[in-house]
Amino acid sequence: MATAGSAGRLGWLAAPTSLVLLLAFVTPMALILRYSANEFVPGELMRDALTPANYARFFTEPFFQRLFVTTLLVSFASAALALLAGLPTAFALRRLSARWRSLLITLLLFPLLVVTVVRAAGWVAIFGDRGVLNSALTALGIVSEPLTFLYTPAALVVAMGSALLPYTVLSIDSVLQSVPQNLEEAAMDLGAPPYAAFWHVTLPLILPGIVTGFVVSFILSMDAYATPLLIGGTNVRMMSPMIYVQVSELQNWPFASAISVVLITTSILISGFLTVSLNRRKWLAGQA
Amino acid sequence: MARRASIDGVRLATLCTAALAYVVMLAPIVAVVWLSFFDSDIIAVPPEGYSLASYEKLLGSSEFVDGLRLSVVVAVSATAIAVILGTLASIGIVRGRFPGRDWLATFFLMPLTVPGVVLGLAIYIFFFKVGAALGFRVVGTATALVLAHVVLTLPWTIRFTSVGLAAIDRNLEDAAMTLGARPLGTFLHVTLPLMRPSLVAASIFAFLTSYNALEISLFLVGPGRTTIPIVLLQRIAWNFDPTVAAMATVQVAISAVALLALTRVVGADRIFGTQR
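Chains as they are written, first to last, in the numbering used here: chain A, 158 to 445; chain B, 31 to 306.
Chain A with its partners taken away, still in its complex shape (with noise of 0.2 Å):
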């Protein structure tokens, strides 16, 4: 009929978006890729080369390879502490009223779009010598010098941790939604403690929310660029920044265009493992 007739010239309407998309973004990434197979010529950009040397010097290197394991490392570390913190709060937040609730997400989704330099800026404020932490513990007498807490891994995973905690929390928040309060309650009137109850009958109804919340906090700390190279400094490097310093300061776009395709097949590689096998341990809680 005609509407079956017009749905399939309708199709065309996607054109413009697909031919933008194609040339500066699919076009882009593919320059990269090739790109990392160049050879860096100080002085001349770079030669056209097929050499797998850039890939070689990253995991080769102690520098590079120090800055790999620490990028790792702060997002798994920062995943893990947002997930921790989040899945009480989610759970928290199943308990309140419809207006408590509506208000708390809000708040919860207000830091998320707040820019990233910004709330990297508050925690520059609160963790500088003189800052916000010092001066509350001098007062209190606790301490009587000022603590370094700038520059150090702790510092960059509670300020990343809390950056990424919104999205564990929302999305625990939207598993948890679908299942029944009483499921739980259930569980303990026929004689299960309470982590029992958690362990056996919520957490494989809500595993899939956790791992959701879990990988994409990971893949934003991987990418995370203002956050580490505000708090993390010179003293914790991670992959993000080294992209723009290898560009900025040495012109090298093959090194640059190397590290960023490790970036992107590590998170992608990691976070497809994780999926896969946490997703798994739903089957193993609903068997033990």
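One thing to keep in mind: the hints can contain errors.
Stated by the list, open to error - Coverage of chain A stretches by chain B, computed from C-beta distances (three or more under 8 Å per stretch; other residues unrestricted):
id : region
1  : 171-180
2  : 243-249
3  : 262-274
4  : 277-288
5  : 311-321
6  : 395-401
Said to hold, decoys possible - Partial selection, computed: residues in chain B whose CB lies under 8 Å from chain A:
id : residue
7  : 62
8  : 195
9  : 287
10 : 288
Hint data in this document are derived by calculation from the structure and do not stem from the laboratory.
Cβ atoms here follow ideal geometry from the backbone N, Cα and C, with glycine treated the same way.
Given the coordinates of chain A, assemble chain B onto it according to the supplied hints.
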């Protein structure tokens, strides 16, 4: 008895963790706003006093005023383009019938999955090559920034408009057509008005995404042509004073206004699709 106590203990621990989580999430934002009222040239807690001096300095700072102007111009342009392209694309993938439709929908969201710095680098290299091939400068122009921001905001406008479009009762459109309206008339007078909330949400979100964009702009800005988030980043790293905090507070205020507008239009629970 013991069980009752242990349940209460768990409940208390849950509430305390949740409270702490909110403190940790909001503390950096509160700290920045607080700092912006300090009456001093350096950041030192506790402050000597409070004043609005940093805001006065901010208005006189060409770095801030120029940055704000560029950020707003780029964000408005990118939003306009991304909302139009995104709405068309949504109609295509929601209402069109063609093979590979689901794949195309997934492809449209792909720019979201690439790290900001990597996307920024890729687009920078691409523009540099295009400029070299065509014989004029692309990198460092406002046009390059707008194009890059369109790539960044398109997934969001497509997401918001396609959800809005899919929720529309098609009987209303059929009724208009049965009564003799042409397809274009039906779209303009029936579909588009029904899509209004999602179009508003898409515009607000696209504007904010572009206005806040940092990583993707890093390589594309030039001397005297720097967006606000990058000005902020440089100043925090080199010269963090209450004026910088005031600049950051302006960002916070814009985000707060955008969030309030979004919750009015789509509801807090629906902004990131946590609630069906």
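Do the hints match the structure? See the list:
{"no.": "1", "hint": "171-180", "result": "holds (count 7)"}
{"no.": "2", "hint": "243-249", "result": "holds (count 5)"}
{"no.": "3", "hint": "262-274", "result": "holds (count 13)"}
{"no.": "4", "hint": "277-288", "result": "holds (count 10)"}
{"no.": "5", "hint": "311-321", "result": "holds (count 4)"}
{"no.": "6", "hint": "395-401", "result": "holds (count 4)"}
{"no.": "7", "hint": "62", "result": "holds (5 Å)"}
{"no.": "8", "hint": "195", "result": "violated (11 Å)"}
{"no.": "9", "hint": "287", "result": "violated (10 Å)"}
{"no.": "10", "hint": "288", "result": "holds (6 Å)"}
Comparing the model with each earlier hint shows violations of hints 8 and 9; every other hint is respected.
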